[in-house]
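Chains as they are written, first to last, in our numbering: chain A, 1 to 358; chain B, 1001 to 1076.
Where hints are given, some of them may not hold.
[To be verified] Below, computed lysine to aspartate or glutamate pairings styled on DMTMM-like, alpha-carbon distance capped at 25 Å:
id : chain 1 : residue 1 : chain 2 : residue 2
1  : B       : 1054      : B       : 1020
2  : B       : 1054      : A       : 261
3  : B       : 1023      : B       : 1062
4  : B       : 1054      : A       : 317
5  : B       : 1023      : A       : 353
6  : B       : 1054      : B       : 1026
7  : B       : 1054      : A       : 26
8  : B       : 1054      : A       : 106
9  : B       : 1054      : A       : 238
[Claimed, not checked] Quick look at which bits of chain B chain A covers, simulated, 3 or more residues with Cβ under 8 Å:
id : segment
10 : 1008 to 1022
11 : 1040 to 1049
If you are wondering where the hints come from, they were derived from the structure by calculation, not from laboratory data. We put the CB at the ideal spot given by N, CA and C, even for glycine.
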Amino acid sequence: MTYLDHASTAPLHPAAREVLLAAHDEGWADPARLYGAGRRARLMLDGARARVAAVLGVRADEVTFPPSGTAAVAAALSGALAARSRAGAHVVTSAVEHSAVLAFAEGRDATLVGVARTGRVDAGAFASALRADTAVASLQHANHEVGTLQPLAEVAAACAERGVPLHTDAAVSAGRVAVEAPALLTASAHKWGGPPGVGVLVVRKGTRFRRREPAGFPNVPAIVAAAAALEAVAAERDAEDARLRALTGLVRDEVARRVPDVEVVGEPVERLPHVVTFSCLYVDGEALVTELDRRGFAVNSGSSCGTASGLPSHVLEAMGVLTHGNVRVSLGRDTTEAQVRAFLDAVAEVVAETRSRL
Amino acid sequence: MTVEIELDTLGRRCPVPVIELSKHIEQVEVGGIVAVLADDEAARVDIPVWCRMKGHEYAGAEPAEHGTRHLVRRLR
Chain A
1 MTYLDHASTA PLHPAAREVL LAAHDEGWAD PARLYGAGRR ARLMLDGARA RVAAVLGVRA
61 DEVTFPPSGT AAVAAALSGA LAARSRAGAH VVTSAVEHSA VLAFAEGRDA TLVGVARTGR
121 VDAGAFASAL RADTAVASLQ HANHEVGTLQ PLAEVAAACA ERGVPLHTDA AVSAGRVAVE
181 APALLTASAH KWGGPPGVGV LVVRKGTRFR RREPAGFPNV PAIVAAAAAL EAVAAERDAE
241 DARLRALTGL VRDEVARRVP DVEVVGEPVE RLPHVVTFSC LYVDGEALVT ELDRRGFAVN
301 SGSSCGTASG LPSHVLEAMG VLTHGNVRVS LGRDTTEAQV RAFLDAVAEV VAETRSRL
Chain B
1001 MTVEIELDTL GRRCPVPVIE LSKHIEQVEV GGIVAVLADD EAARVDIPVW CRMKGHEYAG
1061 AEPAEHGTRH LVRRLR
């Protein structure tokens, strides 16, 4: 099977495998305890925190590990909102955020800033949505469905000027693309090849923040392995960025050349290196995913069949691009050019066959 | 605005409404209107996108007794 869904979750990075096993032997005790085994677990946890902080370019005491990326997002936004209740309760975010962010915005006084057809937020429009009573703003570093990078630095500057804490969801990009953390940043280890069950929450110094949930018993072995994977991914970053960017570029070009009536979506240049998304007119996304799976390729679809809600992807809808016949391809460190070329052959055949039956 | 053909795709999931539209658009003269009656959530996104990709005009939507009536003007 050729796994082309690394933006959903990545297999465990080889650098994390042995670390994970060793950490189960060495770091199983309660890091809050004062005896030797507890102190050992504490040292491992603190070491992991320092390594994750170094890769993210922040201080170790700014990093905590909630039990998932979704939990990290909820903690980031609710913690900032609670600390700024005097300013107000208004939330600004974009229409193309991950469901973890949109779930927080739902039912609140929230402004969802729209996007261009490329999926990119206009920084000026985002800044204009900030109000005197805006408590917190949130903008993803990159879009998880189409790979478009957002104008985070510009939006961070506008938020800083207005005194509004900005959260960024870096789940799909952390480790793969350098990011300058604004007031709040969240990520999720399983997306970079760490084990599942490790979220990352960064709260920069000087950010008004109220921690609401107790930390709970930390999964020290998983956190240690997550840190090892993140360091390894960051060390490979420059080489992998160039290699994967070339492969996703190949998909963009070849799909457009070989498949008639196709729309390659997302920002063509300012994008993640490993994600590429396209939609094929007249083709059912579910049929496409199923037939590609039969031929040995695992991909995701933002068509209504591919979403938990049964509704078309809110990202594709906000962009105003085709929602049916959608395929998201996301590559990993083990993806080869031969696999990508075989995938392109399969897509061209499957689309042509499906359309011939219309 | 006179609707010359109405395509009933109620109960049919995407991409059926768009497929039906593409099969019948040439049955009206250039300037003529095809209506697509649809209740699939994706149709409100995909029918305007189809118009953009194929060079036709999306002339709006109106609520119907069941679902939504999407109006498409043939431009070429």
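>> Hinted pair, alpha-carbon criterion (25 Å max): residue 1054/B, residue 106/A. Please report holds or violated.
In response: violated, 36 Å
> At a Cβ distance under 8 Å, does chain A reach at least three residues of the segment 1040 to 1049 of chain B?
Replying inline: Since three or more residues must qualify, the claim that chain A covers the segment 1040 to 1049 of chain B holds, with 7 doing so at under 8 Å.
> Is residue 1054/B within 25 Å of residue 26/A, Cα to Cα?
Replying inline: Judged against 25 Å, a Cα distance of about 63 Å means the pair is violated.
> Between residue 1054/B and residue 238/A, is the straight-line Cα distance small enough, at 25 Å or below?
Replying inline: violated, 40 Å
> Do the alpha carbons of residue 1023/B and residue 353/A lie within 25 Å of each other, as the hint requires?
Replying inline: With a Cα-Cα distance of about 18 Å, the restraint between residue 1023/B and residue 353/A holds, given a limit of 25 Å.
> Taking 25 Å as the top limit, are the C-alpha atoms of residue 1023/B and residue 1062/B close enough?
Replying inline: holds, 22 Å
>> Does residue 317/A sit within 25 Å of residue 1054/B, going by the straight-line distance between their CA atoms?
In response: OK: residue 1054/B and residue 317/A at ~18 Å, within 25 Å.
>> What's the verdict on residue 1054/B and residue 261/A, does the C-alpha distance respect the 25 Å limit or exceed it?
In response: holds, 9 Å
> Within the assertion that chain A covers the segment 1008 to 1022 of chain B, do at least three residues meet a Cβ-to-Cβ distance smaller than 8 Å?
Replying inline: holds (count 6)
>> Just to be careful, I want the Cα atoms of residue 1054/B and residue 1026/B compared with a cutoff of 25 Å; is the pair within it?
In response: Holds. Residue 1054/B to residue 1026/B sits at ~12 Å (cutoff 25 Å).
> Under the criterion that the straight-line Cα-Cα distance not exceed 25 Å, is the pair residue 1054/B, residue 1020/B satisfied?
Replying inline: Between residue 1054/B and residue 1020/B the Cα gap is close to 14 Å, so the pair holds against 25 Å.
The structure fails to meet hints 7, 8, 9 from the earlier list, while all remaining hints are met.
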